[in-house]
Each structure stands twice: as C-alpha cells, then as structure tokens.
Amino acid sequence: MPSQNAVAAIRVSTAKQGFNGDSPEAQKEQIERFAAARGITIKEFFVFLESASKELQPMQQAINYCKDPNNDVQLFIVKSIDRFTRGGSFSYDSLKRQLESSNVSLVDIYGVISTQKVNTLEHLGVKYKWSEYSPTKKAELLEAERANDEMRDIMSRMIGAEVRYTRMGFWMRQPPFGFDSAKMDTANGKRCILKPHPEEADFMIKMFELRAQGTMSDQEIVDRLNKLGFRTRVQTMRSMQDRTQIIGKRGGKKLDLKTFWRYIQNPIYAGVICEKWTDNKPIKAQFPGLVSYELFNAANKGKLVIGEKDGAMFLCERPTEDRYATVKGARNAEFSYRKIVMCPECEKPLFGSSTRGKLGKRYPAYHCNKRGHYFRVPKKDFETTIADFVRRITYDQAQINELLTAIETVWMQRNQSSLDEERRIETHIAGLRAKAQALVDKIKLVSSELVIKSIEEDIMQTESEINIFWNTWRICL
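All residue numbers for the sequence shown refer to our numbering, where the first residue is 1 and numbers rise by one.
Where hints are given, some of them may not hold.
[Said to hold, decoys possible] The calculated lysine-lysine pairs, modelled on DSS-like cross-linking and capped at a C-alpha distance of 30 Å, are:
1. Lys254 / Lys442
2. Lys301 / Lys206
3. Lys301 / Lys339
4. Lys227 / Lys195
5. Lys370 / Lys348
6. Lys206 / Lys303
7. Lys358 / Lys339
8. Lys281 / Lys195
9. Lys127 / Lys137
10. Lys67 / Lys117
11. Lys253 / Lys301
12. Lys303 / Lys227
13. Lys227 / Lys206
14. Lys254 / Lys276
15. Lys195 / Lys303
16. Lys227 / Lys253
17. Lys183 / Lys249
18. Lys249 / Lys227
19. Lys339 / Lys303
20. Lys348 / Lys380
21. Lys258 / Lys276
22. Lys190 / Lys227
23. Lys281 / Lys249
24. Lys301 / Lys284
25. Lys303 / Lys276
[As the list claims (entries may be wrong)] Have a look at the derived ranges for each label pair, beta carbon to beta carbon:
26. Ile159 / Thr232: 19 to 29 Å
27. Asn188 / Thr405: 22 to 32 Å
28. Met460 / Pro198: 25 to 35 Å
In short, the hints are calculated from the structure, not lab data.
Note that CB positions come from ideal geometry on N, CA and C, so glycine has one too.
Make a model of the complete structure from these sequences and hints.
So, in structure tokens, the structure goes:
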C-alpha cells in the first residue's frame, strides 16, 4: 500500500471487558503494528466502550469524521469485523457503504476485508457501477452474520442464566438503595445475594417504621430522614463516546416524595423479588429483607400486601374504590366522639355535624338519623355528660400499674430510636469533618487558582452541611 492516512476504531462491548478482557490498549497495539508495517499514518484513534448490536451504531461517530474531506482520510482500520459491528450483514453493509461513498476503504488486521476491486468488463476496457465488485464481500457478510450470531448466543446464555437464577431467588442486578451485593456458595456455585448496607440500611428501616406508626405525614417523614443525613447513592457518569472517560457524578440528593413512595412499595425490602424476569410474580429471595412482612404491610397501609400461604408467596394490591364508595376516616377534630359513642336507641355509632340556622349561626350536635328514628343532642350538653361520666370512673391499682408499664415500654423504645438517630448524626458529622480536612490538605498540593477556588467552594458547602447536621443534633439532644 502507498502511504495513506487512516482512522483507527477500537471497540469493546462493556467497560468491564475493556478493563479485563480485549482491552483498548491491546487492540491499539495490534493496529499500530499493522499500520507501521504498511507505512500507514493513523491520524485519529476512536475508542468505544459499548455494544455494537444497537440500532444506533457506535462507529457512526468515527465514520462521520472520515466523511469530512478536510480530515484527508483514506483508510478505516479495525481489528476485526466483530469489533466494527455486531448488527449483522445489514448494519455492516450500511456502514461500509457510507465509507465507500467518501472514498474511504475499510481494512481489518486479519485480512478478511480486502481493498481490491474486480471489474468483470476490464478485458473490454469498460467499467460500470454494477460490473465492479469486491471478491471478499461474501466472506465479509458471512463474518458479519457470524458476529451477530455470536452476540445472540452470548446474550442468550448470559441473560437466560440470569433469569433462571432470579427465579431461584438470587439477585442479578445492581443492588438497590439500602443493600450491598455479596457472593455466597450454593449448589449452583457462587451466586449473588443482597446484604444490608452498613450506612443506607438504617435509613430504609427507619423509613418503614415511621410510615407504619402513622403519626407523621409522608412529607414529614421525608423531611425527618433528610435531617438525619439521607442522600441518594452517588454514581459515576461516563462519556457516551469514550466510556473510559469520567465526566461527572450524579446522585447525592435529598429524599423526595416520589422516591419515598417508590421505596415503600418495593417488595425487595421485605425479601421478595417481583419483576419482569419473574413474570411479575413474587418470589421469596434467598436472603432476608430489611423489614418483616408485617412491617412492610403496615407501612403500605393495606394497599400492598405481602404474605405466604401454603408455601407460596403472594403479593396483592387493594383495588381502587369508586369515589362514592371511598371509606372515610372516623376522626374529626371538632367532634371527638363521632363514631365512637353509640346511639341509645339503635346502638350504632353516632354522627356529628353542624346545622346552619336562618341567621347563619351554626348549631353543632351529635345525632343519629336516617335509621327509622330521630336522636339529636347539642354538642356542649353531650360532651359535658361524657366528661361527668369519665370523672366518676374509678380504676383498680393493678390496671394503673399495667398502664404505666406499657407507657414506660413505649417511652424506652422511642428513646432508643432517638439515641440511634443521635449516633447516626454524630457519625455523619465526623465524616463531613474528615472530608473538609481532606479538601484543605488537597489545596496544599495544587497551584491552579481555578482549582483552588473550586476546592474552596466544596469546603464552604461541606461546612454548611456540618452546621445543618450540628443544629439537628442539638435539637435531638
């Protein structure tokens, strides 16, 4: 080959394969050796850490670079056809035609793809578009189909095994918030399970406990957990063009209502797997959850129920009731004894409401109507009668002692919960202080004013978080 300019494309299916398998470094070394032996100048290397079986091919970016005549590219070098695409013969032919339209030849280091063109009418000195062809095109298309078949076989084996193990109760995905991944020895080899996360699990357990108590609204629970230091898991973001390049981080945010509801309704926290791979049927996991079935059901207030019957799991949702059939609460701040005290005539709970007089004045009363009889007592007289009745009630000392014992038990439980929260806040404050000190030490190692300014902003933000948690801790104390 005469001296030519080339673009080299390197691809691995996943970041893990890129670091542990057919690494970009190994492919780059092979391509450089191939180019040096033939006097080819490589103008640009493109590295892709993603699958080439998608509809949007990762090689398109490198092809677009070759289309630009200002870049002066004559060759497009890849290690092999399966590194170029795994989309089959159609994707391969489509990508190669784009290169040919820009007078760029596709070359692989194994020699499957040839740049040679044969004209069937060359002996007559005539050439047409249809008379010129590549003698290796059939072999190339077969190799592209083989790469596609190989991808299908690999994915079928991998996904099939993951679906099978998921239905056996193991975990095959990223661990959800509150859990960590772990390996355990089973009859099926080492399989992945979930274990409580040392920091996140406490937040999830507290979340379910507060919801089950029913003394706080969902927004109050969210605010309480955020004050205790709840932050979503921080994840690394990588460039779509170069998966080896870290472009930032996401996460580390406070809890919001939508996320709270998603956590509360997720059965994995009760040790039950229910997803697409299980045909949306509940499967008892091979590991315990963070909360019991009873606590999960209480936190979901009967709208979502988990249980076990005759050795089989069940997960059911309460059907949504019509507007007219909605069950309303019995509690009313204005009528404290509404639906508590019974009617003396029909022995059914009394209602409470206020009627409006001709002058607009309201007359509150407890009443029982629409039951074939009429009973109505003004609210003031009714509550005075109840108060006189309660005042005359006497209690046995044994009953008083039992009540005091129950109150003491509940107080100790709540006090222990407060102590746990204090320790959690104290640990979080210590971590923030260590982070601030690390940032201070980092300033000593850099000289760029821009970097120093960025670190100083991080220090100020960390100090602000410390003050917030310190004030929260003082309130708890």
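- Item | Hints the structure fails to honour | Structure breaks hints 22, 23, 27.
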